[in-house]
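Position chain G relative to chain W; hints supplied.
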Amino acid sequence: MNGIAGRMPKFLRRADPAVVTAFACILLLLFLGSLYSRSFLSPEYLLQQLKVASFLGVIATGMMLVILLGQIDLSVPWSVATGAMMASAAAAYGPVGVALAIPFGILCGVAIGIVNGIGVAYLRIPSMIITLATNAVAQGLMVVYTGGFSPQDSATPAMRYLATGFAIPAVPNAVIIWALIGAAMVFALTRTGFGRAVYGIGNRERAAYLSGIDTRRVVMVAFAVSGGLSAFGGVLLAGYASKAAQSMGDAYLLPSIAAVVLGGTSILGGRGSYLGTVAGVILITLLQSILSVMQMPEAGRQIIYGTVIVAMLLLYGRAPASRG
Amino acid sequence: MKDWRYWLAEQRGTLLALGIFVAMFAIYSANHPAGFTANVVQTAANKGVLLAFVAMAQTLVVITAGIDLSVGMIFTLTNCLASWLVIGTGLETAFGVVAVLGTGLVCGAINGAIVIYGRLQPIVATIATGAVYFGLALLLRPFPGGSVNEDLADALTGRLFGVVPASLVALVVVVAIVWVPFSRSVLGRAAYAAGSSETAAYMSGVPIRRGKFVAYALAGLLAAIGGLFLTFFTYTGDAAYASGNAYTLFSIAAVVLGGVSLFGGKGSALGAIFGALAFRTIGDLLFVFDLDPLWQPLFQGVILLIAVSLGAFALFRVRNRLEWFL
Numbered sequence: 551m552n553g554i555a556g557r558m559p560k561f562l563r564r565a566d567p568a569v570v571t572a573f574a575c576i577l578l579l580l581f582l583g584s585l586y587s588r589s590f591l592s593p594e595y596l597l598q599q600l601k602v603a604s605f606l607g608v609i610a611t612g613m614m615l616v617i618l619l620g621q622i623d624l625s626v627p628w629s630v631a632t633g634a635m636m637a638s639a640a641a642a643y644g645p646v647g648v649a650l651a652i653p654f655g656i657l658c659g660v661a662i663g664i665v666n667g668i669g670v671a672y673l674r675i676p677s678m679i680i681t682l683a684t685n686a687v688a689q690g691l692m693v694v695y696t697g698g699f700s701p702q703d704s705a706t707p708a709m710r711y712l713a714t715g716f717a718i719p720a721v722p723n724a725v726i727i728w729a730l731i732g733a734a735m736v737f738a739l740t741r742t743g744f745g746r747a748v749y750g751i752g753n754r755e756r757a758a759y760l761s762g763i764d765t766r767r768v769v770m771v772a773f774a775v776s777g778g779l780s781a782f783g784g785v786l787l788a789g790y791a792s793k794a795a796q797s798m799g800d801a802y803l804l805p806s807i808a809a810v811v812l813g814g815t816s817i818l819g820g821r822g823s824y825l826g827t828v829a830g831v832i833l834i835t836l837l838q839s840i841l842s843v844m845q846m847p848e849a850g851r852q853i854i855y856g857t858v859i860v861a862m863l864l865l866y867g868r869a870p871a872s873r874g
Numbered sequence: 051m052k053d054w055r056y057w058l059a060e061q062r063g064t065l066l067a068l069g070i071f072v073a074m075f076a077i078y079s080a081n082h083p084a085g086f087t088a089n090v091v092q093t094a095a096n097k098g099v100l101l102a103f104v105a106m107a108q109t110l111v112v113i114t115a116g117i118d119l120s121v122g123m124i125f126t127l128t129n130c131l132a133s134w135l136v137i138g139t140g141l142e143t144a145f146g147v148v149a150v151l152g153t154g155l156v157c158g159a160i161n162g163a164i165v166i167y168g169r170l171q172p173i174v175a176t177i178a179t180g181a182v183y184f185g186l187a188l189l190l191r192p193f194p195g196g197s198v199n200e201d202l203a204d205a206l207t208g209r210l211f212g213v214v215p216a217s218l219v220a221l222v223v224v225v226a227i228v229w230v231p232f233s234r235s236v237l238g239r240a241a242y243a244a245g246s247s248e249t250a251a252y253m254s255g256v257p258i259r260r261g262k263f264v265a266y267a268l269a270g271l272l273a274a275i276g277g278l279f280l281t282f283f284t285y286t287g288d289a290a291y292a293s294g295n296a297y298t299l300f301s302i303a304a305v306v307l308g309g310v311s312l313f314g315g316k317g318s319a320l321g322a323i324f325g326a327l328a329f330r331t332i333g334d335l336l337f338v339f340d341l342d343p344l345w346q347p348l349f350q351g352v353i354l355l356i357a358v359s360l361g362a363f364a365l366f367r368v369r370n371r372l373e374w375f376l
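For the record, the sequence lines run as chains W and G. The opening position of the first sequence corresponds to residue 551 in the numbering used here, with each subsequent residue numbered one higher. The opening position of the second sequence corresponds to residue 51 in the numbering used here, with each subsequent residue numbered one higher.
Simulated from the structure, these hints should not be mistaken for laboratory data. Among these hints, one or two may not hold up.
[Said to hold, decoys possible] Simulated restraints on C-beta separations: (1) Val148/G / Ala861/W: 27 to 35 Å; (2) Leu597/W / Arg260/G: 47 to 55 Å; (3) Val230/G / Ser584/W: 52 to 60 Å; (4) Asp566/W / Trp54/G: 43 to 51 Å; (5) Glu594/W / Thr139/G: 54 to 62 Å; (6) Ser797/W / Tyr285/G: 23 to 31 Å; (7) Leu578/W / Thr93/G: 48 to 56 Å; (8) Met846/W / Tyr56/G: 53 to 61 Å; (9) Arg746/W / Val368/G: 20 to 28 Å; (10) Asp566/W / Tyr285/G: 51 to 59 Å; (11) Ser584/W / Pro192/G: 29 to 37 Å; (12) Gly168/G / Ser842/W: 23 to 31 Å; (13) Pro194/G / Pro593/W: 29 to 37 Å; (14) Ala734/W / Val222/G: 43 to 51 Å.
[Claimed, not checked] Simulated coverage check for chain G against chain W, where a stretch passes if three residues somewhere in it have a Cβ under 8 Å from a Cβ of chain W: (15) 138-144; (16) 188-198.
Beta carbons: idealized from backbone N, C-alpha and C, even for Gly.
Isolated chain W (complex conformation):
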């Protein structure tokens, strides 16, 4: 934590106003939380929050990639659940199944993502529609698979280790995984042709196409990555709770979109930084945590949550007024 805090001013100077606002809101939430309870600023609590945030962080990373293209992935809920359920299901097939559980879960998510990608990139179906449809199909498949009940398979030891273990003392594995995935995403977005293409397509797909980028392949890869990361988030969640559940992904759709958008990534695509998404994820997680520490019932949480997101978007997520 100290390392990040020490370097923050340097980031602040370079970052855009939305990212600064998001970090300011995090500090504000921490301040409000510390007024409510002293333990809010303890390292244990903050690490625990970071661990919870890393599940959302992994999912939001994929969402960010898709949003940068100017698209959206609404198949997150059942990609998460499919990843979790399929990984747990594979564990029931002997030692080979246990070994392949995590890749298999992720692969199922990638498959969902590829269907999304084909629909968006090659069939030119609006992303919000095709992803809603694949979400429904994934749900249907899982309902048939589980027979409508909560699945009985449980997570493998490897999944539990990834989600709850400590490879480095005092740093939860989930946080390390998020850091690795985040670093890979930052590298891909800022240092590779793929990243340039993503920003280019987000700004104007027509121009990107005319400058020789295979825009359709880039879009498809982005959706596949998003599906895979959602499923990986599901695998981690299954490891955390030691089993998969029917509606485990429902709680991740709005937060993942909100985290990306609150972090200053334009919902229209082409603009945004990963640092903003990190800020958005931590912001959302802290907000959820404070609401649950205050023992706010589910109803109040939903209302505050939706209101805060609309309010923050109205502050800095508005589309330009110019027209005509």
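Chain G alone, transformed into the frame defined by chain W:
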């Protein structure tokens, strides 16, 4: 071209949806154990009408090239509200109905205000407001329960003259007093124009903001009518997240089946209604063929996937590859 050919070209989506519905319903009632009786029609109508109202609501927003992902949550919220208010003497019940419809109108207006005057993307804005509406619904009904004026409920869900399902009559009445005036008014034209090409509409001085705002507000109202009918059918209020989400999803499926373009500016609520009835009938086909109900979500999902993929056929008409990118 002759007039009737223009009319045919304009109504192609609606007529196609009607055709699909008639075919599906024929298969459905032919294989139903009870056959084509007033009872079967009434049950089917009652289930279909709920989705038809929500699909009409979705249509109004989709016409403006937007989308309302909170429509199912407004439906759930008004269902919970109706289970508190639509009860008691005639006057109290009337007040309750007005309050429920007013709530829906306000919810829709809030969506519209955020999207149009707040300039947020409809998709994010309505997911967020949907969370708020669901929270309010949960506040009203933490557990399923409540009751409704049963005389009114039975009157609106029963049969007129022993044959015609009353819910269908209600649907026709709503179409006549909400959709027909709207689509023929200046504001309705503005909503279509805004969906078709916002820049062109703006340049021509069309009141696009007001048109879009009214479309969002009326969408809330129509979702509330749906919520009211849900209360009449079930006699209870239930803040079920899954059911609200399912209605949002199905409304989009119905809109697509009904020939309403998701890019805006094309289609009619009548098409969406036939789309909704057809979608419901297809979903129920599983039951008459005695398949395991477990397969229903998958079946509906696949239908949705196929329905949205049909739009891809327009690609064959594209002459210049740059037209891929809108």
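Handout entry: Violated hints - listed by number, lowest first
Key = 4, 13, 14, 15
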